[in-house]
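Enquirer: The lines below spell out each chain.
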Amino acid sequence: MIRLFKVKEKQRELAENANGKPPIKKQSPGELRLHKDIGELNLPKTCNIAFPNGKDDLMNFEVTIRPDEGYYLGGNFVFTFSVSPIYPHEAPKVKCKTKVYHPNIDLEGNVCLNILREDWKPVLNINTIIYGLFHLFTQPNYEDPLNHEAAAVLRDNPKLFESNVRRAMAGGYVGQSFFTRCM
Amino acid sequence: MADFVAPPSRSRDLDKLLLRTGNLVGSNFEPGAELRDDLQEYARILVVGAGGLGCELLKDLALSGFKNIDVIDMDRIEVTNLNRQFLFRVEDVGKPKAEVAAKRVMERVSGVNIVPHFCRIEDKEIPFYNDFNIIVLGLDSIEARSYINSVACSFLEYDSDDKPREETIKPMVDGGTEGFKGHARVIMPGVTPCFECTIWLFPPQVKFPLCTLAETPRTAAHCIEYAHLIKWDEVHSGKAFDPDDPEHMKWVYDEAIKRAELFGIPGVTYSLTQGVVKNIIPAIASTNAIISAACALETLKIASGCSKTLANYLTYNGVAGLHIKVTEFVKDKDCLVCGPGVLIELDASVTLEKFINLLEDHPKLLLSKASVSHRGKNLYMQAPPVLEEMTRSNLSLPLYELMDKVAKDTIHVTGTTSKDGKKTSCLRKLRVVFKAIDGVTDMDTAGGA
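The listed protein sequences derive, respectively, from chains B and F.
Its first residue numbered 1, the first sequence is counted upward by one per residue in the UniProt record's numbering.
Its first residue numbered 1, the second sequence is counted upward by one per residue in the UniProt record's numbering.
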């Protein structure tokens with residue numbers, strides 16, 4: 001290809017002084033795939049999505065879940081999503097922004113959901129994750145605990161668990177931890 | 001006086017490749033002194049990464065006769081690099097890799113000019129990358145490869161028959177190593193598969209379930225990830241963990257040790273902590289040398305045509321004995337990054353709404369309910385309602401204006417397509433060309449800027 005290089009080098013020297021095209025924003029493959037996921041979102045009424053950085057930053061967004069049944073009925077739980085440029089090769093990073101008393105979500109907002117880590121597959125999408133998160137509120141699971149104490153209470157005393165959840169959502173202490181109101 | 005004898009080259013071996021013809025040469029190979037001299041004068045090579053592979057690549061390329069080389073790397077030299085990144089010395093620790101590597105090679109190989117760039121690859125404007133004839137990658141991350149790949153593919157243009165224009169092809173040579181294994185590949189965008197066509201070749205990262213870390217750790221790595229992912233946040237609320245800060249790493253190591261003792265798990269060490277947290281697999285100097293040599297040779301082959309190039313993916317395995325295999329992967333014809341996209345000709349007056357309707361009837365697309373994006377700007381989103389509302393006002397505007405009045409450009413559309421009565425969702429690349437736009441733009445800009 002050296003002949004081609006030679007021609008190009010001559011052109012380059014000529015073009016040196018002329019102004020080039022304005023810098024182009026690069027759209028990563030991850031962004032394109034996410035665009036598809038977002039354009040096809042089919043959320044239940046209990047879930048809401050917001051884009052704090054406006055319509056052109058889809059890589060960072062928030063999902064609010066309002067469970068319509070179960071222990072968490074009436075609560076508002078906000079999750080932040082941060083999506084990598086190599087999505088869907090890598091799962092989005094999801095954190096729970098609302099402090100919640102939950103066996104599978106710790107007090108720092110880490111979420112134990114298999115499809116966010118060990119079981120993530122590129123065929124899954126944002127919709128699947130949101131349904132997975134929703135599922136955590138209708139079916140909290142004491143077998144995969146992140147909040148060990150909450151899991152033990154759910155397993156041994158569901159009635160107490162229920163009242164602890166209500167107290168946390170209404171704003172108050174459960175044990176040593178204070179929860180802000182999220183109803 | 002032997003006036004007409006070509007002056008002896010410093011590299012006899014190179015002359016054997018470049019001054020004589022052979023049976024395996026590439027098409028258009030024209031051996032001779034002119035080729036050798038042109039290669040030195042006109043070929044401009046960019047080496048991305050000045051680490052384990054980068055040091056080897058710079059040395060190999062310089063000794064292969066390339067004289068115009070640039071190198072880009074954002075890292076500084078660490079003491080743990082010194083065993084294999086042989087251009088660096090103890091007194092260089094803390095200095096930028098790109099600068100030291102360039103200086104050392106220039107000191108040893110006369111006549112070579114290496115320009116270092118101590119910055120992130122994203123910090124350079126896109127046209128910077130177009131100044132090079134070949135881009136050689138010595139990287140350790142998928143993200144960085146994916147980025148350079150999409151930049152190189154963005155220079156690619158297709159003609160109206162969906163054939164790549166040769167002068168717009170930006171060849172890449174990619175090397176990668178992990179311990180005793182490695183790969184070298186040649187990417188000719190539009191001709192051979194690009195990085196994105198075959199991203200599935202990279203195994204997914206191993207991620208442990210968070211609840212295992214929190215509840216039932218079984219290995220040293222579990223203890224380290226617990227300290228890194230869970231304990232760090234608990235103690236340092238809001239402060240981000242920096243894997244390059246030795247104090248942060250020490251903290252994680254100490255916590256991991258405590259955790260391991262609690263559960264009676266052996267094997268937590270400082271270097272394992274670094275390895276797990278930074279996802280490092282021990283690098284082997286000889287693997288880097290072998291892979292870099294393959295990459296440098298391919299670079300020389302592409303530039304000179306002195307041999308057919310690797311087709312197109314070499315894997316090397318030195319774990320037990322030695323195994324090398326070349327696989328010819330195929331291009332994804334619908335690849336969003338290197339594929340031609342569907343060519344669509346439009347009038348400059350067509351509104352976004354009309355365009356979306358056109359896609360429904362386009363024989364190659366049959367795309368209904370399309371969402372449209374252009375260079376990271378979302379022109380119209382069908383869902384969710386919050387985005388639909390924000391983009392609805394664009395529907396009545398001419399697409400040409402929404403695309404910043406560029407006569408031809410790539411846009412992406414997503415939607416549903418029907419095939420054999422079955423509806424599937426899809427994401428497509430389109431090459432939009434506006435008809436007879438030259439006259440219009442001239443008139444437009446005449447009175448304006």
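Worth flagging that the hints you see were computed from the coordinates, not collected in a lab.
Errors might be hidden in some of the hints.
[Unchecked claim] No farther apart than 25 Å at their CA atoms in a straight line, the calculated lysine-lysine pairs in the PhoX-like style are these:
1) 369/F with 55/B
2) 16/F with 26/B
3) 10/B with 67/F
4) 26/B with 331/F
5) 121/B with 124/F
6) 278/F with 333/F
7) 278/F with 163/F
8) 26/B with 67/F
9) 8/B with 308/F
10) 331/F with 55/B
11) 6/B with 429/F
12) 26/B with 163/F
13) 333/F with 163/F
14) 308/F with 26/B
15) 67/F with 121/B
16) 16/F with 364/F
17) 95/B with 308/F
18) 8/B with 124/F
19) 8/B with 67/F
20) 95/B with 278/F
21) 408/F with 55/B
22) 45/B with 99/B
23) 429/F with 121/B
24) 405/F with 55/B
25) 278/F with 93/B
26) 55/B with 422/F
27) 8/B with 163/F
28) 121/B with 405/F
29) 124/F with 6/B
30) 10/B with 369/F
31) 55/B with 354/F
Just so it is clear, the structure is predicted and the values come from calculations on it, not from any experiment.
Enquirer: Does each hint hold? Answer for all of them.
Expert: Hints, one by one, checked against the model:
Using a Cα cut-off of 25 Å, the hinted pair residue 369/F and residue 55/B holds, with the two alpha carbons roughly 18 Å apart. Distance restraint check for residue 16/F and residue 26/B: the Cα-Cα separation of roughly 43 Å exceeds the 25 Å cut-off, and the hinted pair is therefore not satisfied. The hinted pair formed by residue 10/B and residue 67/F meets the criterion: a straight-line CA distance of about 17 Å does not exceed 25 Å. Between residue 26/B and residue 331/F the alpha-carbon distance is near 22 Å, which keeps this suggested pair within the 25 Å criterion.
Taken as a hint, the residue 121/B and residue 124/F pair is broken in the structure, with Cα atoms around 33 Å apart against an allowance of 25 Å. A threshold of 25 Å between alpha carbons decides the hint, and for residue 278/F with residue 333/F the separation of about 35 Å lies outside it, so the pair is violated. Using a Cα cut-off of 25 Å, the hinted pair residue 278/F and residue 163/F is violated, with the two alpha carbons roughly 42 Å apart. Restraint check for residue 26/B and residue 67/F: the C-alpha separation of about 30 Å exceeds 25 Å, so the hint is violated.
Note on residue 8/B and residue 308/F: the hinted pairing holds, with a Cα-Cα distance of about 22 Å set against a maximum of 25 Å. This hinted pair does not check out: residue 331/F and residue 55/B have alpha carbons roughly 33 Å apart, beyond 25 Å. The hinted pair formed by residue 6/B and residue 429/F fails the criterion: a straight-line CA distance of about 32 Å is larger than 25 Å. Distance restraint check for residue 26/B and residue 163/F: the Cα-Cα separation of roughly 23 Å lies within the 25 Å cut-off, and the hinted pair is therefore satisfied.
About 12 Å separates the Cα atoms of residue 333/F and residue 163/F, which keeps this hinted pair within 25 Å; it holds. As the CA atoms of residue 308/F and residue 26/B are separated by approximately 33 Å, the hinted pair breaks the 25 Å bound. Of the supplied pair hints, the one linking residue 67/F and residue 121/B is violated, its CA atoms being roughly 45 Å apart against a limit of 25 Å. Only pairs whose Cα atoms come within 25 Å are accepted, and residue 16/F paired with residue 364/F is rejected, the gap being roughly 51 Å.
Only pairs whose Cα atoms come within 25 Å are accepted, and residue 95/B paired with residue 308/F is rejected, the gap being roughly 51 Å. Between residue 8/B and residue 124/F the CA atoms are separated by roughly 21 Å; this keeps the pair inside 25 Å, and the hint holds. Between residue 8/B and residue 67/F, the direct Cα distance comes to roughly 17 Å. Compliance with the 25 Å bound is thereby established for this hinted pair. At roughly 21 Å between alpha-carbon atoms, residue 95/B and residue 278/F fall within 25 Å of each other, so this suggested pair holds.
Taking the CA atoms of residue 408/F and residue 55/B, the gap is about 24 Å. The hint holds against a cut of 25 Å. A threshold of 25 Å between alpha carbons decides the hint, and for residue 45/B with residue 99/B the separation of about 22 Å falls inside it, so the pair holds. A hinted pair counts as satisfied when its Cα atoms are at most 25 Å apart, and residue 429/F with residue 121/B qualifies at roughly 24 Å. A C-alpha spacing of about 21 Å is found between residue 405/F and residue 55/B, which places the hinted pair at or below 25 Å, so the restraint holds.
Distance hint between residue 278/F and residue 93/B is fulfilled; the C-alpha atoms sit about 17 Å from each other, no more than 25 Å. Taken as a hint, the residue 55/B and residue 422/F pair is broken in the structure, with Cα atoms around 31 Å apart against an allowance of 25 Å. Under the criterion of a C-alpha separation no larger than 25 Å, the hint pairing residue 8/B with residue 163/F is consistent with the structure, at around 20 Å. Of the supplied pair hints, the one linking residue 121/B and residue 405/F is violated, its CA atoms being roughly 39 Å apart against a limit of 25 Å.
As the CA atoms of residue 124/F and residue 6/B are separated by approximately 24 Å, the hinted pair is consistent with the 25 Å bound. With a C-alpha separation of about 47 Å, the suggested pairing of residue 10/B with residue 369/F is violated against the 25 Å cut-off. Among the hinted pairs, residue 55/B with residue 354/F is consistent with the structure: their alpha-carbon atoms are about 22 Å apart, no more than 25 Å.
When each numbered hint is compared with the structure, violations occur for hints 2, 5, 6, 7, 8, 10, 11, 14, 15, 16, 17, 26, 28 and 30.
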